[in-house]
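*Asks:* Residue-level listing of the chains:
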Amino acid sequence: DTEVTQTPKHLVMGMTNKKSLKCEQHMGHRAMYWYKQKAKKPPELMFVYSYEKLSINESVPSRFSPECPNSSLLNLHLHALQPEDSALYLCASSPPGHPGPSDTQYFGPGTRLTVL
Amino acid sequence: ILNVEQSPQSLHVQEGDSTNFTCSFPSSNFYALHWYRWETAKSPEALFVMTLNGDEKKKGRISATLNTKEGYSYLYIKGSQPEDSATYLCAFLQAGTALIFGKGTTLSVSS
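First to last, the sequence lines map onto chains A and B.
Under the numbering used here, the first residue of the first sequence is numbered 3, with each subsequent residue one higher.
Under the numbering used here, the first residue of the second sequence is numbered 1071, with each subsequent residue one higher.
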C-alpha cells in the first residue's frame, strides 16, 4: 500500500459544528503532516508529528486540534471554525526517521472543507 | 519571512514543445529543494528532492537542476505531452524549518 488516504473528500460544516478529518497511511512512515491550502496560494504547513508526537505547530489557532493515535493515523479535529478556514486540507507522510532534508513527502488527495 | 517564488505562474504549450520553469529561493542555510507535480483532483506527487549544489536529476522526460549559491532551480520538460498538464510545485527547506512551498506553475499542454 503506497498511498495516503484522506476522508472525507468534501466537508461542509457550520461555525458551531464539531467535525474531524482523517488521514491514514500504511507505508510505515513515522512523520505525518497537516497542510492547509487556499485557492491560488501555496500549501502552508500546520502541524508535524514525528513518532506520534507533535513536533511542529505553526501557530495554528486552537480551533484546529491534531491527534495522532497511532503511527498510521492522523486526525484533525475541528471546532468553532470560521468561514475563512474554508480550504483544502492536505495530509502527508514521510519515511521512517525524524523528518530530514531528503525525505520525500507523500501526499493524500486532500479534504475540501467549506465553513458556512 | 522566507519566500519561494515560481515563474511563470502559468504556461500553455503545444504537444511536443519543450519547456522549463523556475523556482527561486533564499540562498542562505540551504537544506533541500523538492519538486512536486499536482494534477487536478489528485494528490501532489513527488518528482525530485535535491540537496547538493549543481545537482541534476532526471525522471523520464522531466529533469531538474539546482544552484544553491544563487538560489534557483529549473525544471525542464522535454517533448511535452497532454498528460504533463499539472501544477508543478517547488518547496524549499532551510535548516531548522519546515518545507515552504511556492505557488506553483500551472502547465497546460494541448494536443
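Some hints could be false.
Dumping the calculated DMTMM-like pairs for lysine to aspartate or glutamate here, alpha-carbon to alpha-carbon at most 20 angstroms [as the list claims (entries may be wrong)]: (1) B:1173 - A:60; (2) B:1173 - A:87; (3) A:43 - B:1109; (4) A:40 - B:1075; (5) A:11 - B:1075; (6) B:1112 - A:60; (7) A:40 - A:87; (8) A:11 - B:1115; (9) A:42 - B:1125; (10) A:42 - B:1109; (11) A:42 - B:1115; (12) A:40 - B:1115; (13) A:43 - B:1126; (14) B:1112 - B:1154; (15) A:43 - B:1153; (16) A:40 - B:1109.
By construction, these hints were calculated from the structure, which means they are not laboratory data.
The structure presented is a predicted model; accordingly, all values stated were derived computationally and were not measured.
*Asks:* Could you run down the list of hints and mark each one as holding or not?
*Replies:* Hints, one by one, checked against the model:
A hinted pair counts as satisfied when its Cα atoms are at most 20 angstroms apart, and residue 1173 of chain B with residue 60 of chain A qualifies at roughly 19 angstroms. Distance restraint check for residue 1173 of chain B and residue 87 of chain A: the Cα-Cα separation of roughly 19 angstroms lies within the 20 angstroms cut-off, and the hinted pair is therefore satisfied. The straight-line distance between the Cα atoms of residue 43 of chain A and residue 1109 of chain B is roughly 16 angstroms, inside the 20 angstroms bound, and the hint therefore holds. Of the pairs offered as hints, the one joining residue 40 of chain A and residue 1075 of chain B holds, with about 17 angstroms between alpha carbons and a cut-off of 20 angstroms not exceeded.
A threshold of 20 angstroms between alpha carbons decides the hint, and for residue 11 of chain A with residue 1075 of chain B the separation of about 29 angstroms lies outside it, so the pair is violated. Among the hinted pairs, residue 1112 of chain B with residue 60 of chain A is inconsistent with the structure: their alpha-carbon atoms are about 25 angstroms apart, more than 20 angstroms. A C-alpha spacing of about 9 angstroms is found between residue 40 of chain A and residue 87 of chain A, which places the hinted pair at or below 20 angstroms, so the restraint holds. Taken as a hint, the residue 11 of chain A and residue 1115 of chain B pair is honoured in the structure, with Cα atoms around 18 angstroms apart against an allowance of 20 angstroms.
Restraint check for residue 42 of chain A and residue 1125 of chain B: not satisfied, since their Cα atoms lie roughly 29 angstroms apart, outside the 20 angstroms limit. Between residue 42 of chain A and residue 1109 of chain B the CA atoms are separated by roughly 14 angstroms; this keeps the pair inside 20 angstroms, and the hint holds. Restraint check: the Cα-Cα separation between residue 42 of chain A and residue 1115 of chain B comes to about 18 angstroms, which is no more than 20 angstroms; the hinted pair holds. A C-alpha spacing of about 19 angstroms is found between residue 40 of chain A and residue 1115 of chain B, which places the hinted pair at or below 20 angstroms, so the restraint holds.
For the hint pairing residue 43 of chain A with residue 1126 of chain B, the CA-to-CA distance comes to about 28 angstroms; that exceeds 20 angstroms, so the pair is violated. Distance check on the hinted pair: residue 1112 of chain B and residue 1154 of chain B sit about 13 angstroms apart at the alpha-carbon level, within 20 angstroms; holds. At most 20 angstroms may separate the alpha-carbon atoms for a hinted pair to count; residue 43 of chain A and residue 1153 of chain B exceed this at roughly 23 angstroms. Of the supplied pair hints, the one linking residue 40 of chain A and residue 1109 of chain B holds, its CA atoms being roughly 16 angstroms apart against a limit of 20 angstroms.
Consistency with the previously given hints fails for numbers 5, 6, 9, 13 and 15, ordered from lowest to highest.
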